[in-house]
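Q: For the protein sequence lines, the chains are A, B, C and D, in the order given. Everything in the first sequence is counted per the UniProt record's numbering, starting at 1 for the first residue and increasing by one. Everything in the second sequence is counted per the UniProt record's numbering, starting at 1 for the first residue and increasing by one. Everything in the third sequence is counted per the UniProt record's numbering, starting at 1 for the first residue and increasing by one. Everything in the fourth sequence is counted per the UniProt record's numbering, starting at 1 for the first residue and increasing by one.
Be careful, since some hints might not be right.
One copy or two, it doesn't matter: identical chains are merged, so the pair holds either way.
Heads up, simulated DSS-like pairs for lysine-lysine below, C-alpha to C-alpha not over 27 Å straight-line [as the list claims (entries may be wrong)]: (1) 284 / 240; (2) 5 / 50; (3) 382 / 143; (4) 284 / 217; (5) 5 / 143; (6) 240 / 50; (7) 144 / 5.
The set of hints was computed from the structure by calculation and includes no laboratory data. Computed from a predicted model, the values in this text were never measured in an experiment.
4 protein chains.
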Amino acid sequence: MRTLKVAMIGGGFMGKAHSLAYAGMPMFFWPAPAIPVRQTVVDINDALAKEAADRYGFANYSSDWRRVIEDPEIDIIDIVTPNNTHAEIAIAAAQAGKHIISEKPLARTTEEAKQMLEAVNKAGVKHMVAFNYRRTPAVTLAKKYIEEGAIGNILNFRGTYLQDWSADPNSPLSWRFRKDIAGSGTLGDIATHVIDFARYLVGEITEVMGTSNTWIKERPVQSGGADKLGAVKAAGDVQKQTVDVDDEISTLVRFENGAVGSIEATRNAWGRNNFLTFEIHGDKGSLSFNYERRDELQVCFSNDPDDRRGFRTIYTGPAHPNGGALWPIPALGIGYGETKIIEAHDFIASIVDDTEVSPNFYDGYRISVISDAILESAASGKWVRTGV
Amino acid sequence: MRTLKVAMIGGGFMGKAHSLAYAGMPMFFWPAPAIPVRQTVVDINDALAKEAADRYGFANYSSDWRRVIEDPEIDIIDIVTPNNTHAEIAIAAAQAGKHIISEKPLARTTEEAKQMLEAVNKAGVKHMVAFNYRRTPAVTLAKKYIEEGAIGNILNFRGTYLQDWSADPNSPLSWRFRKDIAGSGTLGDIATHVIDFARYLVGEITEVMGTSNTWIKERPVQSGGADKLGAVKAAGDVQKQTVDVDDEISTLVRFENGAVGSIEATRNAWGRNNFLTFEIHGDKGSLSFNYERRDELQVCFSNDPDDRRGFRTIYTGPAHPNGGALWPIPALGIGYGETKIIEAHDFIASIVDDTEVSPNFYDGYRISVISDAILESAASGKWVRTGV
Amino acid sequence: MRTLKVAMIGGGFMGKAHSLAYAGMPMFFWPAPAIPVRQTVVDINDALAKEAADRYGFANYSSDWRRVIEDPEIDIIDIVTPNNTHAEIAIAAAQAGKHIISEKPLARTTEEAKQMLEAVNKAGVKHMVAFNYRRTPAVTLAKKYIEEGAIGNILNFRGTYLQDWSADPNSPLSWRFRKDIAGSGTLGDIATHVIDFARYLVGEITEVMGTSNTWIKERPVQSGGADKLGAVKAAGDVQKQTVDVDDEISTLVRFENGAVGSIEATRNAWGRNNFLTFEIHGDKGSLSFNYERRDELQVCFSNDPDDRRGFRTIYTGPAHPNGGALWPIPALGIGYGETKIIEAHDFIASIVDDTEVSPNFYDGYRISVISDAILESAASGKWVRTGV
Amino acid sequence: MRTLKVAMIGGGFMGKAHSLAYAGMPMFFWPAPAIPVRQTVVDINDALAKEAADRYGFANYSSDWRRVIEDPEIDIIDIVTPNNTHAEIAIAAAQAGKHIISEKPLARTTEEAKQMLEAVNKAGVKHMVAFNYRRTPAVTLAKKYIEEGAIGNILNFRGTYLQDWSADPNSPLSWRFRKDIAGSGTLGDIATHVIDFARYLVGEITEVMGTSNTWIKERPVQSGGADKLGAVKAAGDVQKQTVDVDDEISTLVRFENGAVGSIEATRNAWGRNNFLTFEIHGDKGSLSFNYERRDELQVCFSNDPDDRRGFRTIYTGPAHPNGGALWPIPALGIGYGETKIIEAHDFIASIVDDTEVSPNFYDGYRISVISDAILESAASGKWVRTGV
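With the hints as extra help, turn the sequences into a complete structure.
A: Here's what the structure looks like:
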């Protein structure tokens, strides 16, 4: 059976998720298009890299990502590092002829994203951005219903991504709060998932009108470099540093097909953990989804009889997209891992079959353009077109 | 025991709700500040008015509202007619020295609302606008938590009002779809309830930036004059007429206290019936409410221990605002009737105690100003200030 | 228009609910079969009775229920007193030729219930027991679906009624905790509503096997006679008295049609307020209901396509039973009041039309037989047949 | 780093789950107590076994489980075969000195279970039964709350496990419907998970009183041997065979500590997919859990202030049991895989640390005893003690 050798650059929590995906992919999708081999993992020093190899089941390790990219054995470069490194690694990997999957957001800036897109296009390699949430089976089912026309023409999209892990002003200023590393705050980190949903389910966004807020103006400097999200909180007399990215984004959007919508994302929503939702109204029905209850899709069909119409709670399973590959009954339990396993499958299948996969670097670039437009509109108070 | 004699102008579904409120108010609030007496009901002809009197338990009836307003026996004028008549009736009632409660929206236009406000101020009578939903016990409880500081400073308000009774293009063009009668569409009819929530719970709205859409461009002419909402649908080869009001409103808002927010309202949301919701994020907690499950308020307190923090589902009852007056245990069942009973009580108490009640004509006027600003921003594509 | 004059015996919280029902019934059901007139209210002394008349809108009052029953003007006797008085009043009312509606449970004992049933049968008057919850529109809709065969043959019924108002050992020993007055505890007070659901929706119960527990063995003696449920709690060094009724009932049941089921009721379920639920599995579908979210019925149809099958959340409204009489759109808000308004309507319609209404004294008697069988099985540890 | 070599006997869907667990365990729990090595997989013939090795990442394969058990390299035997083979394999594995994890139920009969327990006790090896659902983080959190006394003394346990994958009479008669292979039907397959919850969270069950039903008396013979659950349905004129196991179990239970409860399990609940729930009432609070929404635990604390008391929705995450090993924020997504990863960890840790793990073969034996008692009580109509 064909194998594809993966070098994973980065060993944080995303490394865990991606490693699980490579291990689990052929277990779920069988016969697999190809077996991904965890060949080499890279971290910032040899000790960390060795530990990552042991932990995540990689055959080799290295602290020199440039050398790994040059390794002729490697087929796929998987980028799970902070945002400020995506462009450099991806462009080098493309030049070395490797297929590339990058964590989201694709880059800190649209300029970086554009260069990355040009590099992969020039190299003719496969490329993907890891907006994994759209691969939640319930989201894929929503896409299927829409394509079948089951909810008719889409009028309205309402998406949110609400979290609270940084709502506490004492949660540390990790790299996710630094513009030089992350590019933006909530916008790039989580709002982009909603933008990905919107483009995937409704279509291209042509115009935006947003607001942006930084509710917590300064945060304690993080001790230690790890990406612990909100788990570690500072206490006592700690040094604080100014936050130069957004905590919250709220925007109106217009779609190419005439639909309208709104997108809101915040990390200051006490009680909301991973509240990634959408509600879509079509002229023949509605869809509603909340990732916190991700086994479920809510759908209402207008052509149900008047006395039997209402949202149906569909638990995804064998009767739905990718159902044969997943668990044998609905609600056995889709977790974060499964979304990453499907993502890994679809990327590898695109390499084997030489087809396009989505979301790819073009999508990542477009999401960057839209993100910039949101910030521009927030600054100017005016609608901003996204150049489509 | 003191009594206050009510003349109710209009006999549609709102007449039913108000009549039940007058009958039920002293049963719930006892001792009552005063007993409201259903004295006279007015409808467009004597036959309809007599039927309304029989049905709603009024002592007298009339088809001449002007004469009823002049009746020295009458203490309160209750306006439950379509929007185009509110101003004329209310101004005449004020000039006659009557206390006035008017259904919402207060008027078709800000100019009308302003005249009404001036009239009641000049007359020194009590005045109220029947935005009853804020009197849902769970909403009043949200207000109490906010006033106690339980969720801290408010950062964000997200409100929606989603319905589907006119999502079918064959649902008839009742007066609610005619600008000359209603003033606006979804905006005045239901978005105003969300605006009322926003002002009640967060504070004055200073600036808006909205969109407005009319999804169904024409509708069948309604046969019969009754306000049946979506219940009666046209079939076959019927005459259609252009809709000149909005089906949907979506707007970003800014509040005087620095909070931001969004408000969306539509009557084209298949599967949503009376989906009047808000979610509020403060720096110390969050609130979430959905009128479709109106016995419940969701609240999260940030100062709960890390391993015990989450939204609490509070069922309102004796331990909460107006609890002593309502049912003896939570979830026995708050319905539309109860919101109107509390409203009737608070209005009558304001008359007896000579205090201000809210929302009053000033609130109705402000909501009209904000509504106009939303339409203006939708037309201009620019943020519009609301003059505060 | 025909009127029917009501004498209501008792003025507690149930008196409030019934009074609202009489006032509101013609407002909702129009043309009304007859207008109920609140003629006379009876309480234990003249002062209380006068206050009840003022509060609940009755024309007269009395402290002598026997005289009121003899009053030839009175058509209907409405019994809203504690359980120990139901039999005596009802039998006297039947002998006086009055139609009778009694609060539930019908009586303290099966023997009392049997005598009451014989009395109304002999007198040929109409009779009803106020198990109002089955008149929640969503429950009536469940009945309709079942009658249409939409869920096929019923296999299983699971019903619960969970409350917490007496979970605190300091909540007072009101009459509801005294066997001499109430007959039983949770069983008669709330489990009987579930038994009523079971018989209404599935059919006659032939056999039971239950357990019974009294978790809180003694409670503070209540100061004051009012029925305050859990609202008033004792503090400090109070006198306590032994509880001689059940706090909790759990039982397996078998139905005449071959279905099986379980019924559980407790007042010691912290966090459950009025958690009256059922779930029914048929061979072609399922139903699920929770009164705490009473505007909704959940229904699943097996013949939906595999990829679109799931529970539908139906919000009851104009398209459903009694929809024309209630509010013009779903989720406008069904409360406790509406269930009582429908109950009043159906009772009065049965008088005017000379038809049987259900649940009547026969149903009340059967529920008493079943309740006794549950207690007997709890004592003996053996299945007990209910004599059908 | 220490490794433990696993031989997995069986390659169906459970093989997938266990293989993912071994691969993922050190990724989540790091440093791992030991790294599990997927050494050998066994299936019924070499071709299937080879395919399983390729798919699930095992180094070797075999069709001779007896030889594999004798392999001195192997540390752990993992039994994921149908129930009728558990005893023979486990006893042989114990005699060969291997640590054993077996899928549930432990055996077809109590006699088999007893022999297995004796074998592992005699051999002094570690043993576990794979009731994985209790390792859902929300269930572990429930256990923690109970142990902390946060809900006080437990009064009541109500557990259900409702599915619908075999509600269709055309779903095939797989081995799960054959007494000779499965031992029992719904009882052994899913009710045992609820019994495991009950014993884990509340304590030993001393007495049961149940009913048992087989709703679908015959089913189509399955073509092909695979365990496809309900996914494949027969059509047309197929051969049918009698079902000799239960479709549904409903039982009352009594616990050693005085609590009571009920357990219901069925595979005929249309619309319920994996509806594994419990609700527990203590004298100081309540817990509620539904695996279909497994990231959440509902908890109510009686000592919350009256106006702030209600069920809290806790999303499990870093602040809760195993939180450090799982995902960095709550609701990122616990799936079936994570429950198995935790299970694998705890089993391997028990080997390394030489401690007892639970549920082990003693628990499996007790659950078998209780299951037998349920069937006996269903047959006799009498309470049956479980010998504790």
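Q: All hints are to be evaluated individually against the structure, with a verdict given for each.
A: Going down the list of hints, with the structure as the test:
When the C-alpha separation of residue 284 and residue 240 is checked against a cutoff of 27 Å, the pair qualifies only between copies, where the shortest distance is 20 Å, while the shortest distance within a copy is 52 Å. Within a single copy, residue 5 and residue 50 get their C-alpha atoms as close as 18 Å, and across copies as close as 22 Å, so both meet the 27 Å cut-off. Proximity of residue 382 and residue 143 under a CA criterion of 27 Å is satisfied in neither setting, with 31 Å inside one chain copy and 33 Å between copies. For the homomeric pair residue 284 and residue 217, the shortest alpha-carbon distance between copies (16 Å) is at most 27 Å, but the shortest distance inside one copy (45 Å) is not.
In the homo-oligomer, the alpha carbons of residue 5 and residue 143 never lie at most 27 Å apart, since the shortest distance is 31 Å inside one protomer and 43 Å across protomers. Proximity of residue 240 to residue 50 under the C-alpha cut-off of 27 Å is found in neither arrangement, the shortest distances being 33 Å within a copy and 58 Å between copies. Neither within a single protomer nor between protomers do residue 144 and residue 5 lie at most 27 Å apart by alpha-carbon distance, with minima of 32 Å and 43 Å respectively.
When held up to the earlier numbered hints, the structure conflicts with 3, 5, 6 and 7 and fits the remainder.
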